[in-house]
Amino acid sequence: MTERVREILSWYRSENPGVLTNLARLLNHGRLAGTGKLVILPVDQGFEHGPARSFAPNPAGYDPRYHFELAIEAGCNAYAAPLGFLEAGAAEYAGEVPLILKLNNSDTLYTGADPCPAVTGSVDDALRLGCVAIGFTIYPGSAARNEMYGQLRALAEEAKRKGLAVVVWSYPRGSGLSKAGETAVDVVAYAAQIAAQLGAHLIKVKPPTNHIEQEAARKVYEKQRIPIETLADRVRHVVQSAFNGRRIVIFSGGEAKETGAILDEIRAIRDGGGFGSIIGRNSFQRPKQEALDFLRTVMDIYAGNIA
Amino acid sequence: MTERVREILSWYRSENPGVLTNLARLLNHGRLAGTGKLVILPVDQGFEHGPARSFAPNPAGYDPRYHFELAIEAGCNAYAAPLGFLEAGAAEYAGEVPLILKLNNSDTLYTGADPCPAVTGSVDDALRLGCVAIGFTIYPGSAARNEMYGQLRALAEEAKRKGLAVVVWSYPRGSGLSKAGETAVDVVAYAAQIAAQLGAHLIKVKPPTNHIEQEAARKVYEKQRIPIETLADRVRHVVQSAFNGRRIVIFSGGEAKETGAILDEIRAIRDGGGFGSIIGRNSFQRPKQEALDFLRTVMDIYAGNIA
Amino acid sequence: MTERVREILSWYRSENPGVLTNLARLLNHGRLAGTGKLVILPVDQGFEHGPARSFAPNPAGYDPRYHFELAIEAGCNAYAAPLGFLEAGAAEYAGEVPLILKLNNSDTLYTGADPCPAVTGSVDDALRLGCVAIGFTIYPGSAARNEMYGQLRALAEEAKRKGLAVVVWSYPRGSGLSKAGETAVDVVAYAAQIAAQLGAHLIKVKPPTNHIEQEAARKVYEKQRIPIETLADRVRHVVQSAFNGRRIVIFSGGEAKETGAILDEIRAIRDGGGFGSIIGRNSFQRPKQEALDFLRTVMDIYAGNIA
Amino acid sequence: MTERVREILSWYRSENPGVLTNLARLLNHGRLAGTGKLVILPVDQGFEHGPARSFAPNPAGYDPRYHFELAIEAGCNAYAAPLGFLEAGAAEYAGEVPLILKLNNSDTLYTGADPCPAVTGSVDDALRLGCVAIGFTIYPGSAARNEMYGQLRALAEEAKRKGLAVVVWSYPRGSGLSKAGETAVDVVAYAAQIAAQLGAHLIKVKPPTNHIEQEAARKVYEKQRIPIETLADRVRHVVQSAFNGRRIVIFSGGEAKETGAILDEIRAIRDGGGFGSIIGRNSFQRPKQEALDFLRTVMDIYAGNIA
Amino acid sequence: MTERVREILSWYRSENPGVLTNLARLLNHGRLAGTGKLVILPVDQGFEHGPARSFAPNPAGYDPRYHFELAIEAGCNAYAAPLGFLEAGAAEYAGEVPLILKLNNSDTLYTGADPCPAVTGSVDDALRLGCVAIGFTIYPGSAARNEMYGQLRALAEEAKRKGLAVVVWSYPRGSGLSKAGETAVDVVAYAAQIAAQLGAHLIKVKPPTNHIEQEAARKVYEKQRIPIETLADRVRHVVQSAFNGRRIVIFSGGEAKETGAILDEIRAIRDGGGFGSIIGRNSFQRPKQEALDFLRTVMDIYAGNIA
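Chains A, W, G, Z and H supply the protein sequences, listed in that same order. With the working numbering, letter number 51 in the first sequence gets 72, and the count goes up by one each step, no holes. With the working numbering, letter number 9 in the second sequence gets 30, and the count goes up by one each step, no holes. With the working numbering, letter number 169 in the third sequence gets 190, and the count goes up by one each step, no holes. With the working numbering, letter number 172 in the fourth sequence gets 193, and the count goes up by one each step, no holes. With the working numbering, letter number 35 in the fifth sequence gets 56, and the count goes up by one each step, no holes.
Next up, chain A with everything else stripped away, as it sits in the complex (with noise of 0.2 Å):
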C-alpha cells in the first residue's frame, strides 16, 4: 500500500470499510497500481451507439471476452461494462480484473432533446458478478436530469451500504445547454462538483474546451483571472471542481481520433493534475497490439515513466 493511495483513501473516511477496500482494489490493480492514477477501458458503446459502429473497425471488440482480455493483458485498473458484457466474462475471467457495473445505458435508436438513460442493472448484480463498484451516467442539462440524480441517489446509497464504490459519469447534455456548452469549462467544473454532491467517489468527465457557456459563469472566470488557456488548466480547474482535488476525477478519451493528439491530451490531464483516463474507443477500435501498446503508452505518461 503506497502512501499516494492511502492518501487518496483518506478522503472517503466517511465510507465504510468495504466502500474503502474496493477503491483500493481500483487504486492497486494493473501497470498504474499504486500510483493513484488509473486507466480504465469501458466498453458500453455497443449499447450506446449500436454494434457495427462499435465495433466493426476492430471486429475482435464483437466478442465480449475480447475486452476483459484486453483489460487484463494492458494492465488497466478497470473494465467497465453493461450487464451483458459482463455476464459473458466475469466467470471465465473471475478475478483477473477489477469490474464495473455500468447501471444505466441510452441507445440511440430513439433521440429527444432530453436524454434520460435506461437502468438495466442493479448493485446486487454487480455483488453476484463480483465487482468492485458500480457506474451512472448522469446528464446535468436534460430536463430529466432530476429523474438521473434520483435512481443515483438510491443505487449510491445502497451500492455503499453494500461496500461497492461508485462511479459516475457526469455527461452535460441536454437542452439546457449548447451543443458547445457540453464541454465547455465552467460546464464541464460543475459537473464534477456535482457528480461529487451527489456522493461519486470517482467522477468521468470530458476534457474540457475554453469555451464559457454560462454568462453568470464568465463574469467570475474573468474577475476572478481563472486560467483556462490551456488544457491543462482547465483540467487543473475541474480537478479543483471536484472537492479540491479530494474526489477522484478521470476523463474521457471521446471520439476515435489520431495517437498524437491523444497522448498529447493525456499528457496536459496529467499536467493539470488529472487522475486518469477512461478510454474505450481509442482502445477497442484498434488492433489488440496496437491497442496494447497505446494504452501502456497512456499509462506510461500517467506513471511518469515518459514525458
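Rather than coming from a laboratory, the hints here were simulated on the basis of the structure. Bear in mind the structure is a predicted one, so any value in this text is a computation, not a measurement. Ideal Cβ positions, reconstructed from N, Cα and C, are used throughout, including at glycine. There are no misleading hints in this set.
Below, computed lysine to aspartate or glutamate pairings styled on EDC-like, alpha-carbon distance capped at 20 Å:
id	chain 1	residue 1	chain 2	residue 2
1	H	183	A	113
2	Z	183	H	178
3	W	183	H	179
Label-pair distances were calculated between CB atoms; the ranges are:
id	chain 1	residue 1	chain 2	residue 2	range
4	W	246	A	243	50 to 58 Å
5	Z	168	H	231	31 to 39 Å
6	A	175	G	70	38 to 46 Å
7	A	24	H	80	27 to 35 Å
8	W	276	Z	145	39 to 47 Å
9	H	55	A	24	21 to 29 Å
10	Z	310	H	250	27 to 35 Å
11	W	292	Z	55	35 to 43 Å
12	H	200	Z	313	41 to 49 Å
13	W	55	Z	232	48 to 56 Å
Chains W, G, Z and H: place on chain A using the hints.
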C-alpha cells in the same frame, strides 16, 4: 448431451445451474434436440392482433389446446404464449413441451406512436406453470423504451435467481424509427445487441432487410464494407452483433406468406449462422397437417437434412 | 355435481382446488345450479353513476340489504358489488348467496377520455367477506389500459393463490375507439380474448353489435365469412374468441330497456352459446316482485324451460 | 407421454402445472422413462455415515462427479444428494439427469435415542441448482418427529408453490420403536401413510419384514387376514397404505448385500406393485461397470424385460 | 492467474462470479499467491479463551492493529477474526489483506458438554467491512450440532448470493465424542465431509491423529487398508474425504508448541496434499519478528522452496 449443446451452455457460465438446466431443456427437446438449433412456436397474436385476425384462418386455433398439440406433434423446442393460453393447457400437457411464459403483451385496441406493452404475468407464474423461461418484448425506438428495459431488468434478475432462462423479443418500433427502419439491418443488429446487453439468453429478432436507417451507421457499413447483400450476410452480421455468436439469436417468421418464400428465408438464416426460428402465424394459421409438414421441413433445413 | 359443471371445471385444471371449489360454488348455486348457466346480480351503479341515477327509480335499492335479498330470492348464482355494499350485508346474509367483490370502480364526478377505475378493495377484503371471487374492470382501448392490466395481473395472481376465482368485466372504452366501436363485434371479441389471456375465469362483455371497428379485422371477417348477422351469431363468435368456449363468458344487460327487448337479447345469447347474463339496472330498478318475475323468466330461458 | 405416466399424474391434480411438469420429468427420464417405474440414485451416505464407510469400498465415489456420471450412464430417473454434492456438479452436468436436493441430513458423530436431522438446504437452493424436487427425511417414532413434520410442512408448501415435487424418506426410528419395529410391516405401512398425509408426492420406505410392532395393529392384521407372508405381499400392503397406490412409493436398497438377494428383493417389490427403488450403497460401492450392469438388471426387472 | 488457481476455481462452477472472484482474491494474495496453497492468520482466541490467555504471552496482540500488520507483513492469504477485531482495523488497512469475518464464536465463561457458538456477525457486516468471505464454526459431535448446521445453511446461502466465499471451521466436539475422538482420523475426515456437504468452499480441520473413534468406521479402515500411519497419510485421506480434493482443506495449527514440531506437521500436511494452514496462537503469541520468520518458513514449505 451433445458437444454443441455443451458449447452453447459454456457461453452462460455466469448463470446458476438452474438457468443452465432450463437452457439445456430448451436445446434438448423436440426434433432438433441436441443440434443447437431451435424452432419455437409462439402464439401471442390473439392478444396482439385480436382473435379473428389470428385464428379465423384456421379456427382450430381458437382452442388453447390446439397450440400445445401443434408444438408437441411438430417437435418444436418450446411453446411460448401469454398467461391465459398457458394456464389453459399447462396441466393437461405437463412435461410434454418446454414452455415460455410471455410476461408482457400489447393489444391493438389502443395504439400510439410509442407503444409499451402491458406486463401480464410474473416470474412466479412461470414457476407455477412449469416453464423453462420467461419471455419479454422490448421496442427499441419507442419513447417508452426505458420503461420496458427497466421492467425487463427487474424480471430478468428475478428469473435468473430462480433458475429460469430469459428470452427477449427485440422489435424496433416507435417514433424514433421510420417504418422501413424497423427491419433495417443496422437497426436489427442494434436491437440484438441491446437485448444481449440487457442480459437476454435467447434473442428473437426479425429477418433484416438491406435498408440502413441511421446515417452514422451507414458510414461504418460502407467504410468497413460489412457484407449485407444477401439475407444470409445480414443474418451473419446480426448473429455477430449478439456477442459474436455467443448468445442464441432466433428469427421470427413475420407475416403469413407463401411457403416457398419462407423456406428460402429459413435457408438464408441457416446459412448465415442463425440459431433457428420462432414461427407463429405461418404455423398455426394453416391446417394442422400442413403446418406439421411445414414445420418439419423447416426443422430439416436447420438440421441439415435437406438443402 | 352435474356432468356439465364437471366439464366446465375441467377447463381450469391449472388452478388449485380452492379456485375450482369457488367456481363450483358459483355454478351450483341458485335456480340455474348445475346447468352451467349463470345469472349474476351486479350493483356497482351507485359508485359508477351516483345514487339518484341508480336507486331513485326503485328507492328500496338505496338499502344495501335489498340487493342481497333480491339476489337470494331470485335464485341468482351470485351477487357482485363494491366493498361498501358487501360490507353492509355480508354478515347478515352470510352463506345465502355467493359474493363477488368488485375490486375497482369508476365514479363519474371526474371523467376523461381515457378512464382508469380506482382500486377500491383487496383480495384480503374478499376473503374476510366470504366471497367466491374478485371482480375487476378493464377498459381496452383506453390509453390507461396497461395500468389496469397490470393491476389485474397482480390481483389475479394473489386471488388464485388464495383460492378465489377471477371475474373480469372487459369493457372497451377510451380514446383508441369510436363510440360505436365500444360494442363492435370485432372489439368485443377482442376484449373477451384479452380478458382470457390475462387469466380471467369468468368474462363479462357487452352484447356485440354488427359494427366492425378495425379495418384490419374487417378484411378477415369478410374473407373468412365469419357470420355476424344475428346477435346469436355474434355471441357465438365472442364465445369462440374466449378460448373456443373454454372460458365462461357472460353478457351484461346494459342500459335499462323494455322487457321484451331484453328477453329477446337473452334468447340470442342462449342460442349463441353464451353462459348467462349479469343484469344490474334492469333488475334492481324495477319493483321487487317485477324484478323477481323478470329474473325468473331470464333463468327459464337459459335453463331451456321456455323458448 | 405414455398412458401410464398420464395416469400417475392424474393422482396429483391438486398440484400446479409446475409440480406436474417436474413429476413428469422424473417419470420420463432414463431407461425406465414412461414405464411409471423409477430407479433413483441417492448419495447422502457421506453425510450420514462418514466418507470412509461410504466411499472407501469404491474410492472413485469420493469425487462428486462420479455419482452424476453413474446416474447418467446407468439411466437412473434421478440423482438425489445433499447441497454440497449437488453444488459440486450441477453446472457441469446441467440438464443431464433430474436432481433431487436433500434438504435435511443426519450425521452419526452425535447420535441419540431420538434423532432429528439438520436442515441443510433450502427450496431456493433447489431452484438455483435446477432440481426437479426437494427431498426430506422424517423419522416417525422419534420423540422429535413433530419438529421434522413441521419443517417438512413448511418446506413442502414452499416447494409446491414454486413448482417443485416433494420426495419424503419416511424412516421409522427412535425411542417409540424397537429395532425390529423400524422395518415391521405395520410400521412401514404407517410411515408411508404419514408421508402421504404430509403431502409427499414420492415416498421412500424400507422393504418391510413380517414383524408386527404394535399390538393394536396386530389384532387387525390377524382379524382382517391381511397377507404379509411374502415380501411381495407386504409391498402390496404398503403401496395400498399410501392412498391405495395413488402415491408413488419406492423402496430403499438398504445395506450393501449380495447381488442375488437384492435382485430377489427387487422382483418382490415389482410383484407387489412397488414403483421402484432408490439404491445408494448397493450402487456406488461397487466398481462402476459392475454398478452399471447391476442397475440395468434392476431396471430390466422393473421394466418387465426379465423375470 | 496461474493454471493451478484456474483449476481450483473450476471446482466451484455452480457459484456466481462474485464468489469466484473472492476465492481468487484469497488464492492470489500474499507470498503464496497463485500456488494454490494458503496460510491464513486467525485471531478469535480473545473471544474463545479470554484476553490474558490469548495475548499476555505477546502483549502487542492486545491491539487489534497488531494482527492486521502481522498478516500483511507475513504475506498471509487472509486474516480471519470476529466482528470487533475487524471493525477495529478494517478501515486503516483497507485493501491490504483479504479479510474473513468469523460469524460465530464461543466464549468459555460458560461451558457445557454440548457447546454451540453464538452468532456474532452478519453477511452484511462482512460486506460493509470489505471481506472476501464469511467464516463459521460447526461442532460435529455436539448435541447442538443441528442448530449450527441450520445457522450455517442460512448464512452460506445469503453469502453466496451476495458473492462472498464460505469458510467453515469443522471442529468435532461434544458429548457424542471422546476427547481423543475430536482429532481421530475417522472423525476429522467425517467433519471435512460434513462441511463440504453443507456447501463450504474452504474447510478448516485439525491435523488428525491415528486414533479411530467409531467402531463402524474402524472395520472399514481395516478392511480397505486405508493408510493412516503417518500424518501425511491421514491428511491425504482427509483431503480425499472433502470431495476427492475438490474442496480446499486447510489445517489448524492447534495449541502453541515447539517450532520444530509445527514445521514437521506443516511438511506432513504439504506431503499429504493439504492446501495450507490456518495458524493463530503459534503466530501471534510469539514476538513479531519471530512470528514473521516462522510464517515465512511455513510458506516456504508450502511453496516448495524448502524441504
